[in-house]
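Enquirer: Those protein sequences? They're chains L and R, same order as listed. Going by the working numbering, the residue at position 147 of the first sequence is 147; the numbering climbs one at a time, nothing skipped. Adding 232 to a residue's 1-based position in the second sequence gives its number in the working numbering.
Just so you know, the hints here were simulated from the structure itself, not pulled from any lab data. The beta carbon of each residue, even a glycine, is placed where N, CA and C say it ideally should be. Each hint should be verified, as a subset may be incorrect.
[What the hints assert, rightly or not] To spell it out: a stretch of chain L is covered by chain R in this simulated footprint if at least three of its residues, at any positions, have a beta carbon under 8 Å from a beta carbon of chain R; those stretches are:
1) 162 to 169
2) 179 to 191
[Claimed, not checked] 25 Å max Cα-Cα, derived SDA-like pairs, lysine to any residue:
3) R/K339 - L/F17
4) R/K339 - L/H18
5) R/K241 - L/T7
6) R/K336 - L/S14
7) R/K287 - R/K269
8) R/K269 - L/I23
9) R/K269 - R/N328
10) R/K339 - L/I23
11) R/K336 - L/I23
12) R/K301 - L/N3
13) R/K269 - L/L22
14) R/K241 - L/N5
15) R/K271 - L/L21
16) R/K241 - L/L22
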Amino acid sequence: MSNQNVTRVSYSASVIFHLILLILFLVIFIPLKYTKDNAVELSFGILGGTGSSGSDGAAFDEVLEKSEPKEKDITKDKNLEVKEVELPKAKNTDVSDVSPAQKDKEVKKETVKQTEQRESNNSTGDKKGNINKGTGDFGFYFEGGGLGTRKILPGYPLPVYPDGVNKEIDIRLKFTIKPDGTVGSIFLLTKADTRLENAAINSLWQWRFEPLNANQVQNDQTAVIVFPYRLQ
Amino acid sequence: MNLLDIFLKGGFIMWLILASSIVGLAVSIDRFIMLRKAKINVPAFMVRIRGFIKKKDISGAISYCMQEKSPVANIVRKGLKKYKYGHDRVKDAIENAGSQEVSKLEKGLSVLASVAGIAPLLGFLGTVTGMIQAFMTIQDLAGAANPSDLAGGIWEALITTAFGLIIGIPALALYNYFLSAVKKLVGEMETVANDVIDVIQDGGKDEVEIDDEIEMEL
Numbered sequence: 001m002s003n004q005n006v007t008r009v010s011y012s013a014s015v016i017f018h019l020i021l022l023i024l025f026l027v028i029f030i031p032l033k034y035t036k037d038n039a040v041e042l043s044f045g046i047l048g049g050t051g052s053s054g055s056d057g058a059a060f061d062e063v064l065e066k067s068e069p070k071e072k073d074i075t076k077d078k079n080l081e082v083k084e085v086e087l088p089k090a091k092n093t094d095v096s097d098v099s100p101a102q103k104d105k106e107v108k109k110e111t112v113k114q115t116e117q118r119e120s121n122n123s124t125g126d127k128k129g130n131i132n133k134g135t136g137d138f139g140f141y142f143e144g145g146g147l148g149t150r151k152i153l154p155g156y157p158l159p160v161y162p163d164g165v166n167k168e169i170d171i172r173l174k175f176t177i178k179p180d181g182t183v184g185s186i187f188l189l190t191k192a193d194t195r196l197e198n199a200a201i202n203s204l205w206q207w208r209f210e211p212l213n214a215n216q217v218q219n220d221q222t223a224v225i226v227f228p229y230r231l232q
Numbered sequence: 233m234n235l236l237d238i239f240l241k242g243g244f245i246m247w248l249i250l251a252s253s254i255v256g257l258a259v260s261i262d263r264f265i266m267l268r269k270a271k272i273n274v275p276a277f278m279v280r281i282r283g284f285i286k287k288k289d290i291s292g293a294i295s296y297c298m299q300e301k302s303p304v305a306n307i308v309r310k311g312l313k314k315y316k317y318g319h320d321r322v323k324d325a326i327e328n329a330g331s332q333e334v335s336k337l338e339k340g341l342s343v344l345a346s347v348a349g350i351a352p353l354l355g356f357l358g359t360v361t362g363m364i365q366a367f368m369t370i371q372d373l374a375g376a377a378n379p380s381d382l383a384g385g386i387w388e389a390l391i392t393t394a395f396g397l398i399i400g401i402p403a404l405a406l407y408n409y410f411l412s413a414v415k416k417l418v419g420e421m422e423t424v425a426n427d428v429i430d431v432i433q434d435g436g437k438d439e440v441e442i443d444d445e446i447e448m449e450l
């Protein structure tokens, strides 16, 4: 085989190899997009964050996305005007089964909270400021366990307002999500009426989250959820 | 999303990277075949050649070299063709042939080195342009870009770098491999050339010595 022939054969082989490779590319499937099957996505410090990397420190923040975030309720620290960052809108997923509240006397208003105060005050101990108490917000924030998102699987029950209670309060529960997606332990952060607490805890127990992928660190993730009980 | 979709998301730069990959692979195959052909058993070759030269069977040595068809055999053949013109001419012929063979062996290696360097750079270019686009989108959305807008633009931009590196890293490894293989072959060629020249020189001396002995006997 002469040198020219060798070159010709080499180029042909190379082209054929690349064509085969492109065909293989058609077959190899990479699941980049997850199916959004009627589930709510929880974010660990990404959605609803400030959009600036590194400023958050250990304070991984909320968000539960639901319905339309019609109005962004932004709590700004007025002492620090430098932090006037226009926050990105939280991503929404369409959730049709969210509001049993319409049947019962439950909360309907579910907006995404953008808690920016955290940004100006990095101390994690001041987390209570992140939740606007008494405004009827239904939100999450996460205290640790790494970044990422955990989806709540469909069919999660929201607590029903128990009969005979006449109280408006935000119940704050701290809970852990196990790698398999089940709820681990629940701690009560706000004391309220026992019946309200029980209703919140019982419904939260039934929640199931998306399991962690096998290639993720199999740690429990801690989250804080607020169930705002409102009278109608 | 399959890999082809991801590939296409990279945009125009991806096609340039693909082209560089095709060229790189072609050169690699070409060099691989050439180096395989160039490899011979040097000690065995030298034993045969020495035998031919000592028997003064230069035409036999040349035909043996033609059978071998390797660069080492080529330079020896070209040197032996000048056998009748003396030792110096043989040496010159071998040196000339040697430089020719080396340039033949190194042919295309510069292309492979270029591919190894250019493919990642093309990838970076794609990433930079992609990033520019992503940030322009964010500006267009007047800060209302949600995280998926940000992430979308950025991962698409990073694809080109990934593919550029996927092409560049093996290309660099192959370039170094071929370079060392050529170096080794050049070393063998030098050894053989020196050996042949020495044998030819020794052959000449033997003649002289034998002649002297004959004269003394006489």
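Enquirer: Against this structure, judge whether each hint is valid.
Expert: Against the structure, the hints:
1. Against chain R, the segment 162 to 169 of chain L contributes 0 residues with a C-beta closer than 8 Å to a partner C-beta. That does not satisfy the three-residue criterion, and the hint is violated.
2. Beta-carbon proximity to chain R at under 8 Å applies to 0 residues in the segment 179 to 191 of chain L; the threshold of 3 is not reached and the given coverage is violated.
3. For the given pair, R/K339 sits about 22 Å from L/F17 by alpha-carbon distance, which is consistent with the 25 Å threshold.
4. For the hint pairing R/K339 with L/H18, the CA-to-CA distance comes to about 23 Å; that is within 25 Å, so the pair holds.
5. Among the hinted pairs, R/K241 with L/T7 is inconsistent with the structure: their alpha-carbon atoms are about 32 Å apart, more than 25 Å.
6. Restraint check: the Cα-Cα separation between R/K336 and L/S14 comes to about 21 Å, which is no more than 25 Å; the hinted pair holds.
7. Distance check on the hinted pair: R/K287 and R/K269 sit about 29 Å apart at the alpha-carbon level, beyond 25 Å; violated.
8. For the proposed pair R/K269 and L/I23, the alpha carbon gap of about 32 Å is over 25 Å, so the pair is violated.
9. For the given pair, R/K269 sits about 21 Å from R/N328 by alpha-carbon distance, which is consistent with the 25 Å threshold.
10. The straight-line distance between the Cα atoms of R/K339 and L/I23 is roughly 31 Å, outside the 25 Å bound, and the hint therefore fails.
11. Restraint check for R/K336 and L/I23: the C-alpha separation of about 35 Å exceeds 25 Å, so the hint is violated.
12. Taking the CA atoms of R/K301 and L/N3, the gap is near 12 Å; set against the 25 Å cutoff, the hint holds.
13. With a CA separation close to 31 Å, the supplied pair R/K269 and L/L22 exceeds the 25 Å bound.
14. For the hint linking R/K241 to L/N5, the alpha-carbon distance of about 36 Å lies beyond 25 Å, and the restraint is violated.
15. Of the pairs offered as hints, the one joining R/K271 and L/L21 is violated, with about 31 Å between alpha carbons and a cut-off of 25 Å exceeded.
16. Proposed proximity of R/K241 and L/L22 is supported: the alpha carbons are some 14 Å apart, at most 25 Å.
Of the numbered hints listed earlier, those contradicted by the structure are 1, 2, 5, 7, 8, 10, 11, 13, 14 and 15.
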